[in-house]
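Undergrad: Here the protein sequences line up with chains A and B, keeping their order. The numbering used here puts the first residue of the first sequence at 20, with every later residue one more than the last. The numbering used here puts the first residue of the second sequence at 20, with every later residue one more than the last.
Hints are computed from structural coordinates only; laboratory data are not their basis.
In silico EDC-like pairs for lysine to aspartate or glutamate, Cα to Cα no more than 16 Å straight-line:
hint : chain 1 : residue 1 : chain 2 : residue 2
1    : B       : K266      : B       : D300
2    : B       : K33       : B       : E335
3    : B       : K164      : A       : E168
4    : B       : K164      : A       : E160
5    : B       : K351      : B       : E329
6    : A       : K164      : B       : E168
7    : A       : K164      : B       : E160
8    : A       : K195      : A       : E318
9    : A       : K266      : A       : D300
10   : B       : K291      : B       : D302
11   : B       : K311      : B       : E285
12   : B       : K279      : B       : E196
So, partial list: chain B residues that the calculated Cβ filter (under 8 Å) puts toward chain A:
hint : residue
13   : D148
14   : F151
15   : S174
16   : V182
Counterexamples of contact, computed for chain A against chain B with all Cβ distances above 10 Å:
hint : residue
17   : Y35
18   : S46
19   : N51
20   : S192
21   : I227
22   : K283
23   : E285
24   : I286
25   : N290
26   : L296
27   : I308
28   : K351
Just so you know, these numbers come straight off a predicted model, no measurement behind them. Even glycine gets a Cβ: it sits at the ideal position worked out from N, Cα and C.
Protein chains: 2
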Amino acid sequence: MLIWNLKKLNSINKIYLNIAQIQKIVSNDLENVNNIIIQNIGNEVPMISELSKHILAAGGKRIRPIITLLTSKLCNYEGKNHLSLAACIEFIHTATLLHDDVIDESKLRRGVATANDIFGNKTSVLVGDFLFSRSFELMVENGSKQILEVLSSASSTIAKGEVLQLTTVNDCSTSKETYLNIINSKTASLFAAAAEISAILSNKNKLIQNALMTYGQKLGIAFQLTDDALDYIGSENLGKEIGDDFKEGKITLPVIICIKKANKEEILFWNKTIENLNQTDQDLNTALILMKKYKAIEETLALANKYCSEAINALEVFPSSEEKLALESLAKIAINRSK
Amino acid sequence: MLIWNLKKLNSINKIYLNIAQIQKIVSNDLENVNNIIIQNIGNEVPMISELSKHILAAGGKRIRPIITLLTSKLCNYEGKNHLSLAACIEFIHTATLLHDDVIDESKLRRGVATANDIFGNKTSVLVGDFLFSRSFELMVENGSKQILEVLSSASSTIAKGEVLQLTTVNDCSTSKETYLNIINSKTASLFAAAAEISAILSNKNKLIQNALMTYGQKLGIAFQLTDDALDYIGSENLGKEIGDDFKEGKITLPVIICIKKANKEEILFWNKTIENLNQTDQDLNTALILMKKYKAIEETLALANKYCSEAINALEVFPSSEEKLALESLAKIAINRSK
Numbered sequence: 020m021l022i023w024n025l026k027k028l029n030s031i032n033k034i035y036l037n038i039a040q041i042q043k044i045v046s047n048d049l050e051n052v053n054n055i056i057i058q059n060i061g062n063e064v065p066m067i068s069e070l071s072k073h074i075l076a077a078g079g080k081r082i083r084p085i086i087t088l089l090t091s092k093l094c095n096y097e098g099k100n101h102l103s104l105a106a107c108i109e110f111i112h113t114a115t116l117l118h119d120d121v122i123d124e125s126k127l128r129r130g131v132a133t134a135n136d137i138f139g140n141k142t143s144v145l146v147g148d149f150l151f152s153r154s155f156e157l158m159v160e161n162g163s164k165q166i167l168e169v170l171s172s173a174s175s176t177i178a179k180g181e182v183l184q185l186t187t188v189n190d191c192s193t194s195k196e197t198y199l200n201i202i203n204s205k206t207a208s209l210f211a212a213a214a215e216i217s218a219i220l221s222n223k224n225k226l227i228q229n230a231l232m233t234y235g236q237k238l239g240i241a242f243q244l245t246d247d248a249l250d251y252i253g254s255e256n257l258g259k260e261i262g263d264d265f266k267e268g269k270i271t272l273p274v275i276i277c278i279k280k281a282n283k284e285e286i287l288f289w290n291k292t293i294e295n296l297n298q299t300d301q302d303l304n305t306a307l308i309l310m311k312k313y314k315a316i317e318e319t320l321a322l323a324n325k326y327c328s329e330a331i332n333a334l335e336v337f338p339s340s341e342e343k344l345a346l347e348s349l350a351k352i353a354i355n356r357s358k
Numbered sequence: 020m021l022i023w024n025l026k027k028l029n030s031i032n033k034i035y036l037n038i039a040q041i042q043k044i045v046s047n048d049l050e051n052v053n054n055i056i057i058q059n060i061g062n063e064v065p066m067i068s069e070l071s072k073h074i075l076a077a078g079g080k081r082i083r084p085i086i087t088l089l090t091s092k093l094c095n096y097e098g099k100n101h102l103s104l105a106a107c108i109e110f111i112h113t114a115t116l117l118h119d120d121v122i123d124e125s126k127l128r129r130g131v132a133t134a135n136d137i138f139g140n141k142t143s144v145l146v147g148d149f150l151f152s153r154s155f156e157l158m159v160e161n162g163s164k165q166i167l168e169v170l171s172s173a174s175s176t177i178a179k180g181e182v183l184q185l186t187t188v189n190d191c192s193t194s195k196e197t198y199l200n201i202i203n204s205k206t207a208s209l210f211a212a213a214a215e216i217s218a219i220l221s222n223k224n225k226l227i228q229n230a231l232m233t234y235g236q237k238l239g240i241a242f243q244l245t246d247d248a249l250d251y252i253g254s255e256n257l258g259k260e261i262g263d264d265f266k267e268g269k270i271t272l273p274v275i276i277c278i279k280k281a282n283k284e285e286i287l288f289w290n291k292t293i294e295n296l297n298q299t300d301q302d303l304n305t306a307l308i309l310m311k312k313y314k315a316i317e318e319t320l321a322l323a324n325k326y327c328s329e330a331i332n333a334l335e336v337f338p339s340s341e342e343k344l345a346l347e348s349l350a351k352i353a354i355n356r357s358k
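Whole structure, please, built from the sequences with the hints as guidance.
TA: In structure tokens form, the structure reads like this:
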């Protein structure tokens, strides 16, 4: 009982780290990863290095490779292979981003523009392919058969999730289960792999491997749920615009919650705006009012919070350490990006 | 001397096989490969199986997997891994086809349509990604580290070639060397890998491995050169339309030859039609007349013929056999597809 109380107290009073503090813990490793990334983009084909640098340099906080670096440290890994594998994880992520940016003809006709406007659809696709195959080369060079299995399986799970998501766009009958299946595949599988490979690299037992995989997976789901909520509340930090998903007719949890609770009139609204993509300037505002009415954002963020706790709980098998605190903090950051 | 004469006579009188006869030699293996392809598309995500089947079922003569099957037979390989690896080669090829189909916004605006019109850009990209990552899973399951190195390197070489090709579109200053570099990367590298992996699978020495790699590479170049010539002469067999490359402003050898020999007026023509994509209905006809004037198609096909001979010569290290004849025939077929 005392132990339980102490644990509870500890978790209540815990002072989490911010992203800069986390990055500092793995700063040497992270610099090495960045160098590996630059080296592997190469300069043989100018268009590849130009676009890759554009997206990789602007590429945010390197959360996925940081997970590999921190979990490797947590497992007391003493080799160097985690560096290339962390770069490889970032390459897969970047390739996915590039391919996500591809515009459909129909959307183009409606005038929706994305980041790939600078370079064009085809460049995004082909440079994404290059990064993806380069990541594959890096893995083969640095990973065991078991690591290759985890990473190749994650890659095809991501692709399956992306296709599944595409089939639910504009489909108001999409269930919460399908949505969770999609984000588990398209987002959480890479987070899970990023953590799991550290246990394999360090020859840890199945228990540790599963703990890290679970940490990554739950964190990934929490991350995506938060992302999907942020699309309707915005974030100063991330410079995010409100309503991109709505304008594309993408079905995310906030919309699913509203549709489930909708009255007849509201059903017509969602069918018009999401299913038929027939939207006026006022419609996003109406959507936001409905989300407030049904507490859809709160419910989404509460679910993200639940997954965040599960991610942190998965780390219980590890003794306290700086890197464990950093991983717990990362989970907290994933769900607190709106602040 | 007598030996030389006999060899010469033999090569002159050699009766080559047609594609149906070649397929018959590996028919059992080919059926297994087709089954592996179907199994690995799966039916979890209907859109993936639908599009994959659409493109893989219509997917021509399976030339690349047949190369793996025939070269494995040539190396007396007795295992089963060549079947999955052949399927894997076809997956990579199909993914490339799907990504090649992606339309650029600018082209769409000019009304050029491709096969992906049925499914849309984004589906082509994401299903291509799925096939590519599935091929990766298959390799990891069935290939040694050395095979993974060959296949991952081929994949990134293909991507580099595709991007390089994209940067030369509409660029009338593209040299023959750059063009050969592009087709060597985007087409020949997969043919080379398809043949080389059989030597590795069968633990053959470096000499055999290089011979098969060279066979595949030369065959791939001959194949692409012929393809690029066919774009200006058409083929009843292949149901090919004339002038697709011209309409896209793609720089291939026939155009490079014409530009190199062009007078001032002709330079203006190529700049207008290829560089600025300012084309009238008459322009394709003018291009064909210029190609006739400078024997551009003959020169392209003569070069294809040279590479075909080099492919066949690379097989000299092997004793005569049914599968050797089939591989030689495949090289002949590659350059005779217009008939």
